[in-house]
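Q: One line per chain: the protein sequences are A and B, in this order. Heads up: the first sequence at position 430 corresponds to 430 in our numbering, and the numbers run straight through without jumps. Heads up: the second sequence at position 364 corresponds to 364 in our numbering, and the numbers run straight through without jumps.
In case anyone wonders, no lab produced these hints; they're calculated from the structure. Please note: incorrect hints may appear among the correct ones.
Claimed, not checked - Listed below are several chain A residues computed to face chain B (Cβ distance under 8 Å; list not exhaustive):
no.	residue
1	Met208
2	Gln531
3	Tyr533
Unchecked claim - Here are some, though not all, of the chain A residues that point toward chain B, as calculated from beta-carbon distances under 7 Å:
no.	residue
4	Met5
5	Ala179
6	Glu219
7	Pro342
8	Leu396
9	Gln397
10	Lys503
Unchecked claim - Straight-line distance between alpha carbons at most 27 Å, and here's what the computed DSS-like set of lysine-lysine pairs gives:
no.	chain 1	residue 1	chain 2	residue 2
11	B	Lys486	A	Lys136
12	A	Lys2	B	Lys401
13	B	Lys2	A	Lys2
14	B	Lys438	B	Lys312
15	A	Lys2	B	Lys17
Predicted model, so just to flag it, every value in this text is computed and none were measured. Using N, Cα and C, we set each Cβ at its ideal position, and we do this for glycine too.
Protein chains: 2
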Amino acid sequence: MKGRMMQVPLLTSDILKSAVQRYPRQEIVSRTNEDKIHRYTYSDAYRRSCQLANVLARLGVQRGDRVATLAWNNYRHLELYYGISGYGAVVHTLNARLFAEQLQYIINHAEDQYIFVDAPFVPMLEEVRDHIPTVKGFIINGDPEQMPETSLAPLYCYETLLAAEPDDFAWPRLEATDASGLCYTSGTTGNPKGVLYDHHSSVLHAMMSGSSQYLDFSERSCVMPVVPMYHVCAWGVPFSAPLYGAKLVLPGPNMDGASLQALIEEESVDKAYAVPTVWLGLHNYLESTGKKIDSLKLVGVGGAASPRALVKLYAERYNVYWMGIWGMTETSPLATAAIPTPDMDALDAEARYDLQATAGRAMFGVEVEIFDANDEPAPHDGESRGNLRVRGPWVLQSYYKGEGEHSFADGWFDTGDVAVINAEGYLKIVDRSKDVIKSGGEWISSVDLESAALNYEAVNEACVIGARHLKWDERPIMLVTLKEGKAYDETELRRVLVERVAKWWMPDAIIVVDELPHTGTGKLRKVELRQEYADYLLESSD
Amino acid sequence: MKGRMMQVPLLTSDILKSAVQRYPRQEIVSRTNEDKIHRYTYSDAYRRSCQLANVLARLGVQRGDRVATLAWNNYRHLELYYGISGYGAVVHTLNARLFAEQLQYIINHAEDQYIFVDAPFVPMLEEVRDHIPTVKGFIINGDPEQMPETSLAPLYCYETLLAAEPDDFAWPRLEATDASGLCYTSGTTGNPKGVLYDHHSSVLHAMMSGSSQYLDFSERSCVMPVVPMYHVCAWGVPFSAPLYGAKLVLPGPNMDGASLQALIEEESVDKAYAVPTVWLGLHNYLESTGKKIDSLKLVGVGGAASPRALVKLYAERYNVYWMGIWGMTETSPLATAAIPTPDMDALDAEARYDLQATAGRAMFGVEVEIFDANDEPAPHDGESRGNLRVRGPWVLQSYYKGEGEHSFADGWFDTGDVAVINAEGYLKIVDRSKDVIKSGGEWISSVDLESAALNYEAVNEACVIGARHLKWDERPIMLVTLKEGKAYDETELRRVLVERVAKWWMPDAIIVVDELPHTGTGKLRKVELRQEYADYLLESSD
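Model the full assembly from the supplied sequences, consistent with the hints where possible.
A: This is the structure:
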């Protein structure tokens, strides 16, 4: 028996329509690429998104066309999120950290029709211009006086195009399953793969991730996504903040401590989101200047494991709650979070920091499960490791154009992460499946070892990989880069490590290197390192 | 172009599954029909809902079967919400205030297979037993020792059935559009009509209505739905509270001031929901006893217009925020709410009370619009009246079995209410379409007049209807019942009225009556009164 309720799809355009009705005067504050503060309201954003949709019609963009952006976190990028997806096209966020060859591959794979680009990224596109034949034109996100000298053609000016259009638009009643966004993952191996979001997944994700189960937004919030809008959609904050009426602070290109501190204080930001290194940078700046971040109450931290030392530091020095989160491009991206709970209030501080440094619990709508080598669910005991799989309406069903079939198992997306889940449902990523080290049949977590090494202050970055070993099959070795001006002593580093991990996990070698190789999005290129150091222990034992 | 995200329907069973993972020890506290306090956790509720689903299988209940409940707000009724809908059947909440003939009509129309009944309602069913042939059995919601003497047969005991079943159950992966619940509206005319909810509508409604846009639930909330679970699903709180982890206090049969005050204080309730008369009753009790409700921070009030005097009283005497809301059985039911906002904080108290007494603003997912006589949207100026229509994924598409087609216009559900909307989107119901009085071509609001009359303390209830008039076509007349022991003087009442409404709205006659006729759910039967008093002014002017 079927219910008799309206089948009315909720669309991204409905989010901004609702925001302008409920929160017309709420502010959106951007730091522009010219390092100025731009300030306007949801009403303004709505009117300009309408103008943008009219621009797309004038350019001849068709339903379902991919229209790309290459831009920092700012108000025009926000308009592009709504204008393109609301129009019925697909907003494809190009990652500004990609190498030219990846960028070219992605644009061609997506068959982008137009690219809306912030002026600083024009050189990136010039480099690939001759090899991206689907692109019909480039729109510079700026005023006429900001137009750069460039060989890109045809070339348009965003503000000139908008100024010619009316500021209302009849947003089409699309279907819930119509594609709305496209974002590529840059794996450590192989070509990038596209995740094609639809209106249903984007809106549900915004509804739940903005709720008290996760980001906890309301009209009283002032939130700053430092995590880029060109990468995992800035955690969906461009959709969840307007849905719940939060004031939105978009930090533009500068993610350094000084820029963030200034925005936090001037705009009274109370919640902000970024990877751990950003918060380390902010702390260093605050320590060297004595400046304040009194308005800040919570940082959401993902993209890498939370260093527990930073969790504690932010609590005790800044009275800021460090909320560990986990998600992926493939999960829209938010899935789990270590939100502050009444149970946590009852814990002593150290036990609370332990929980905050996890990835937290699954929000409603997302199922997470760990599977052992026999594909059976592993116990939720905080000890048993398993392959992490995830399922839900904002998790991908298949990659764009059907790639990556091996990533799916029995209706679950296989994340490639190895994780533990405790009895309370708290998830902790302990490794990548490919990065886990199997020593004498037991798993050693490279992530835990890397995280432990950061407690030694001379270590700038640590990378742990498995190297072949005659007796144990594999043993961990650790590569470290050092901070300038800090004394390094391996014995001291080993003392720090052994306090934090099991003795049999201790690396067989610790090697200081000048630099470690990274992907375009800042991930360690472990595949290369594994090849280079595969026989290190065999050779060194000669 | 279609997105490539998982098409995973969210089901009511997912709500309880998620709750037991996130909030296993959160409490559900019930006042039983025996006036005892029962206390257990979401984990307990989950296990018993599993047992209940196994009971349904044993009874031979099929997917889509309607299984009815006739019960107060208590933990077993909660289990029935989840056990029946999660199993794949349709939980049909019978209204305990119905007259026998309506009850019989509804059970037959729904073709209910089983009825789960609280012992106090057994006599209601005995009265209709011989006329409800689809019903295969009756389950008494209680222990073996609580089984009543009754002619109902076949008869089962809830706890005996549950005790025989395992406490796990493989909840089926139903479709989002599968029916999950059925609730009849008792209109003032004609037969009741059924609203058939589905999993999609129920879950989306819970996600949004539990968010900061509306009920604002979290693990830190302790919420008490006084509004009955047998009527408009207790505003969906049985779904939204577990979804967001709120402690749930279910008050059972007693909605008097003493019972509610005791629960509020003993359980530290901070949010509670009921019609205005309940809050008047609580106030009267507090005033006469001097008792406290210090934990209470907010009351949500719907089902009738909010008397502004009570809004003010609750703010100034009890420091409780009175949140006016609006919704209908047809809208799941929540649609609009006057939540506390930063803009309100900036208002002076009297202006804030005005807003709180409205129905508030539409939450995301619901569109509300007012239409003039030409079916064009009326201005949102706080003055222009129009027929209120509503649209969204938790609004009905058509009544059960296709009845009531005239209630739909161009994709909108026509509520039968007349409303105004102001520039900020605040909705105010000013009348029922059928109850509005058209005097000399202008509309007079019976609701405003009735509300104004309640400011005169001798008036117990007021009913305003249009009576035929030679010159003006219709003029308002007011029928009032009086409070015992209070002096009544019509001149004084008129003085109170004229301070609050336009002079030309003043009733042509005010008539004191002994009682006013009501429907089973407490609504005034205006149709009857209009017939009785249609020619009153013509006759009295003879």
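Q: Decide, hint by hint, whether the structure agrees.
A: Going down the list of hints, with the structure as the test:
The interface hint given for Met208 (chain A) holds, since its Cβ lies 6 Å from the closest Cβ of chain B, which is under the 8 Å cut-off. Taken as an interface hint, Gln531 (chain A) does not check out: its beta carbon lies about 33 Å from the nearest beta carbon of chain B, beyond 8 Å. At its closest, the beta carbon of Tyr533 (chain A) sits 37 Å from a beta carbon of chain B; the interface hint therefore is violated under the 8 Å criterion. For Met5 (chain A), the suggested interface contact is upheld, since its CB lies about 4 Å from the closest CB of chain B, less than 7 Å.
Because the closest C-beta pair between Ala179 (chain A) and chain B is about 4 Å apart, less than 7 Å, the hint holds. Because the beta carbon of Glu219 (chain A) sits about 6 Å from the nearest beta carbon in chain B, less than 7 Å, this interface hint is met. Residue-level restraint check for Pro342 (chain A) holds (minimum Cβ-Cβ distance to chain B is 6 Å; threshold 7 Å). Given the 7 Å rule on beta carbons, the hint for Leu396 (chain A) holds: about 6 Å separates it from the nearest Cβ of chain B.
Residue-level restraint check for Gln397 (chain A) holds (minimum Cβ-Cβ distance to chain B is 5 Å; threshold 7 Å). Proximity of Lys503 (chain A) to chain B is violated relative to the hint, the smallest CB-CB distance being about 34 Å (cut-off 7 Å). This hinted pair does not check out: Lys486 (chain B) and Lys136 (chain A) have alpha carbons roughly 81 Å apart, beyond 27 Å. Under the criterion of a C-alpha separation no larger than 27 Å, the hint pairing Lys2 (chain A) with Lys401 (chain B) is consistent with the structure, at around 11 Å.
A threshold of 27 Å between alpha carbons decides the hint, and for Lys2 (chain B) with Lys2 (chain A) the separation of about 24 Å falls inside it, so the pair holds. Restraint check: the Cα-Cα separation between Lys438 (chain B) and Lys312 (chain B) comes to about 31 Å, which exceeds 27 Å; the hinted pair is violated. Restraint check: the Cα-Cα separation between Lys2 (chain A) and Lys17 (chain B) comes to about 23 Å, which is no more than 27 Å; the hinted pair holds.
Taken one by one, the earlier hints fail for this structure at numbers 2, 3, 10, 11 and 14, listed in ascending order.
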